[in-house]
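Engineer: As a plain string of letters, each chain reads:
Number of protein chains: 2
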Amino acid sequence: MLNFDFKNPTKIIFGKDTIAKLAEEIPSTEKVLLLYGGGSILQNGIYDQVKAALENYDIVEFGGIPANPEYEVLLEALKIIKSEKITYLLAVGGGSVIDGTKFLSSAALYEGDEPWDILAKYIRTEKGMPFGTVLTMPATGSEMNSGAVVTKVATHEKLGMGGPGLFPQFSILDPQVIQSIPKRQLANGITDAFTHVMEQYMTYPTQAKLQDRFAESIMQTLVEVAPTIIENPAYYDAAANYMWCCTMALNGLIQKGVPTDWAIHGIGHELTAMYGIDHARTLAIIAPSHYRYNFESKKEKLAQFGERVWGITTGSTEEKATKAIERMESFFHSLDINTKLSEYTTEFAGTAEKISDRFIQRGWLGLGEHKAVKPDDVVKIVEMSY
Amino acid sequence: MLNFDFKNPTKIIFGKDTIAKLAEEIPSTEKVLLLYGGGSILQNGIYDQVKAALENYDIVEFGGIPANPEYEVLLEALKIIKSEKITYLLAVGGGSVIDGTKFLSSAALYEGDEPWDILAKYIRTEKGMPFGTVLTMPATGSEMNSGAVVTKVATHEKLGMGGPGLFPQFSILDPQVIQSIPKRQLANGITDAFTHVMEQYMTYPTQAKLQDRFAESIMQTLVEVAPTIIENPAYYDAAANYMWCCTMALNGLIQKGVPTDWAIHGIGHELTAMYGIDHARTLAIIAPSHYRYNFESKKEKLAQFGERVWGITTGSTEEKATKAIERMESFFHSLDINTKLSEYTTEFAGTAEKISDRFIQRGWLGLGEHKAVKPDDVVKIVEMSY
Numbered sequence: 042m043l044n045f046d047f048k049n050p051t052k053i054i055f056g057k058d059t060i061a062k063l064a065e066e067i068p069s070t071e072k073v074l075l076l077y078g079g080g081s082i083l084q085n086g087i088y089d090q091v092k093a094a095l096e097n098y099d100i101v102e103f104g105g106i107p108a109n110p111e112y113e114v115l116l117e118a119l120k121i122i123k124s125e126k127i128t129y130l131l132a133v134g135g136g137s138v139i140d141g142t143k144f145l146s147s148a149a150l151y152e153g154d155e156p157w158d159i160l161a162k163y164i165r166t167e168k169g170m171p172f173g174t175v176l177t178m179p180a181t182g183s184e185m186n187s188g189a190v191v192t193k194v195a196t197h198e199k200l201g202m203g204g205p206g207l208f209p210q211f212s213i214l215d216p217q218v219i220q221s222i223p224k225r226q227l228a229n230g231i232t233d234a235f236t237h238v239m240e241q242y243m244t245y246p247t248q249a250k251l252q253d254r255f256a257e258s259i260m261q262t263l264v265e266v267a268p269t270i271i272e273n274p275a276y277y278d279a280a281a282n283y284m285w286c287c288t289m290a291l292n293g294l295i296q297k298g299v300p301t302d303w304a305i306h307g308i309g310h311e312l313t314a315m316y317g318i319d320h321a322r323t324l325a326i327i328a329p330s331h332y333r334y335n336f337e338s339k340k341e342k343l344a345q346f347g348e349r350v351w352g353i354t355t356g357s358t359e360e361k362a363t364k365a366i367e368r369m370e371s372f373f374h375s376l377d378i379n380t381k382l383s384e385y386t387t388e389f390a391g392t393a394e395k396i397s398d399r400f401i402q403r404g405w406l407g408l409g410e411h412k413a414v415k416p417d418d419v420v421k422i423v424e425m426s427y
Numbered sequence: 042m043l044n045f046d047f048k049n050p051t052k053i054i055f056g057k058d059t060i061a062k063l064a065e066e067i068p069s070t071e072k073v074l075l076l077y078g079g080g081s082i083l084q085n086g087i088y089d090q091v092k093a094a095l096e097n098y099d100i101v102e103f104g105g106i107p108a109n110p111e112y113e114v115l116l117e118a119l120k121i122i123k124s125e126k127i128t129y130l131l132a133v134g135g136g137s138v139i140d141g142t143k144f145l146s147s148a149a150l151y152e153g154d155e156p157w158d159i160l161a162k163y164i165r166t167e168k169g170m171p172f173g174t175v176l177t178m179p180a181t182g183s184e185m186n187s188g189a190v191v192t193k194v195a196t197h198e199k200l201g202m203g204g205p206g207l208f209p210q211f212s213i214l215d216p217q218v219i220q221s222i223p224k225r226q227l228a229n230g231i232t233d234a235f236t237h238v239m240e241q242y243m244t245y246p247t248q249a250k251l252q253d254r255f256a257e258s259i260m261q262t263l264v265e266v267a268p269t270i271i272e273n274p275a276y277y278d279a280a281a282n283y284m285w286c287c288t289m290a291l292n293g294l295i296q297k298g299v300p301t302d303w304a305i306h307g308i309g310h311e312l313t314a315m316y317g318i319d320h321a322r323t324l325a326i327i328a329p330s331h332y333r334y335n336f337e338s339k340k341e342k343l344a345q346f347g348e349r350v351w352g353i354t355t356g357s358t359e360e361k362a363t364k365a366i367e368r369m370e371s372f373f374h375s376l377d378i379n380t381k382l383s384e385y386t387t388e389f390a391g392t393a394e395k396i397s398d399r400f401i402q403r404g405w406l407g408l409g410e411h412k413a414v415k416p417d418d419v420v421k422i423v424e425m426s427y
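Protein sequences appear in the order of chains A and B.
Every letter in the first sequence is one number past the one before it in my numbering, and letter 155, counting from 1, is 196.
Every letter in the second sequence is one number past the one before it in my numbering, and letter 215, counting from 1, is 256.
Among the hints, erroneous ones may be present.
Pairs count within a copy or across copies, as identical chains cannot be separated in the list.
[Unchecked claim] Okay, derived cross-link-like pairs now, BS3-like style, lysine-lysine, Cα gap no bigger than 27 Å in a straight line: (1) K62 to K92; (2) K168 to K48; (3) K92 to K48; (4) K57 to K412.
Derived from the structure by calculation, the hints contain no laboratory data.
Note that the coordinates shown come from a computational prediction; the quantities given were computed from them, not determined experimentally.
All chains, full assembly: derive it from the sequences and hints.
Structural biologist: Here it is in structure tokens:
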């Protein structure tokens, strides 16, 4: 087991009708900026629940944060934070709104001239403006971690940021919110959370037995509840398991003491940038090829994944590993998630080289747990996913 | 799944040679009281590591905190905190030293006349004097939770306390510390942690699928590493898994959203009070009888435990449940832990009634997840364990 530090101070308030508890978490003297996305909360009743819970608060609102939160839009919110002397941020949304709020938390207290530097110059946020979240779409885990990804439209850059100052003070997780989420987004959320776990798990055995089992626990549970989530998101217990799995998949716990991969995300982000394919679907496109291409270095762990998550008990290590990849693909297909790039676009010629070139330009010369996935390997992995 | 709140802000610093990082966690301006127990840290090198790490600090020392930390002893430490104007507490020890330090953290800022009231009047600690820990004996999980148990020798009372102010600011977990722990104590630690998980798991199915699997993961891992821990505690990877399992067993995570039992601890504490039997061993005495006596209400979960932790795949629910209890007993026996009261004392006549009478006096009229274990049931459970 590798050495690690772990600290996660976010308070989780989980369960039925918990949005009503908002006022217990935000001091009534705060001036609150309520941030949200495209407006679905105005239709599904969540906005009304939030406003009812914060009836006597001084609240300013900022809606319209897009998926892949855009720097240009967030700068408008930053102006409001300054002009209105906001002291507390409340994100009501999914990963994009929460990530955007994290940027604002950092930028609100940033003393430099150019807030983009927080991302461009990898400035760690030690202290941000306090913020909480009401999660409306389980998937990214942003509600209980300190990382965010922000996109600058002007330069087509999508960069990460983070730091101990960016944990939400609290996050309210009411599993009932998923009832109004379209099937397509639910399938994306399940795929995203599942792949988050895989990136922290599918490397090589390191004797981190508890971390492995926790990772497998999350995947087993996602696989078990997935059909119910898609068919009947109003079934509370399935929704609760799904929501808690998504949070536990990326709150830092399962990555502690183990090597992590993240090559699938690295490559997948480019497919979103190039073709606008949903983030989760890009992961489902790349993951099978990545594991097949790096089969030799991952086969022991793939076999363990096959045994424990998919119940494959017979065959050699290689046979179990091969079947495990097939079962993972079938799982994505069962969610109506396609796993080949050609199923999303007909104009994919040259994609592999383009991605590889971008990585070379950025100096990304070795991805994965061994930093052994070179630009040439990226070409082959992407080609295998056509 | 039940509604829950979860917040655990303790920073864990885990791994080889991490005691050297102490100075990164305690501001150098603090005046530190270093608290420890019977002095084993003076022999095994941990004291020297701590002193080397805090070379330039202003440190006062207080040793001699006994197992089951005693109020009377802790009051002596409290005097030193006040007379020496201590600002930071550092516990170097196992659960007893850490629990004693939690009491001191609370008492140091308590404004009442009688610190025992914190326990006797169940006063929740919202804010304590800051403290950190260096864990020398994995078992209780106190290094990452906000609870403590303190004993008043004068009145034979053993009471609990807690509150959000009592999370350690940090805990250093170096698995190498277990090398010098006697086998008997290692066996106790494994049994203690295993039973902690059982108390939060062995109730009835509630569709909290992820929590169940996390609990099972901890137990599977403890079972897997136990023989190595006993035979070769210097084997680092086993030690690391054991240590992390003990922390995860009682840091709050697996109890969230599920009913919990804790009847075994309630009854077991009395056996320690009456006969001085090691805490963990009292749990091993009571657990099998408790599960056999309450078989009907727990059999579904016992069968799940049998399937998932012990690999019992054939038979009816009742058969799997019965075998699961037997396998748990065998596991305790494999650690050289006896599971019958008569193996610890010949003078056990009347024990069951005495415990039941104490519970009646205290108003403990219903234990367990359904509050259905009445004093009469306690008599029968204890008699079954003779």
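Engineer: Next step is simple, just say for each hint if it's right about the structure.
Structural biologist: Verification of the supplied hints:
1. K62 to K92: within (12 Å within a copy, 46 Å between copies)
2. K168 to K48: Both: 15 Å inside a chain and 19 Å across chains, each within 27 Å.
3. K92 to K48: This pair counts as between: shortest inter-copy Cα distance 25 Å, intra-copy 32 Å.
4. K57 to K412: Classified as between: cross-chain Cα gap 24 Å, same-chain 44 Å, threshold 27 Å.
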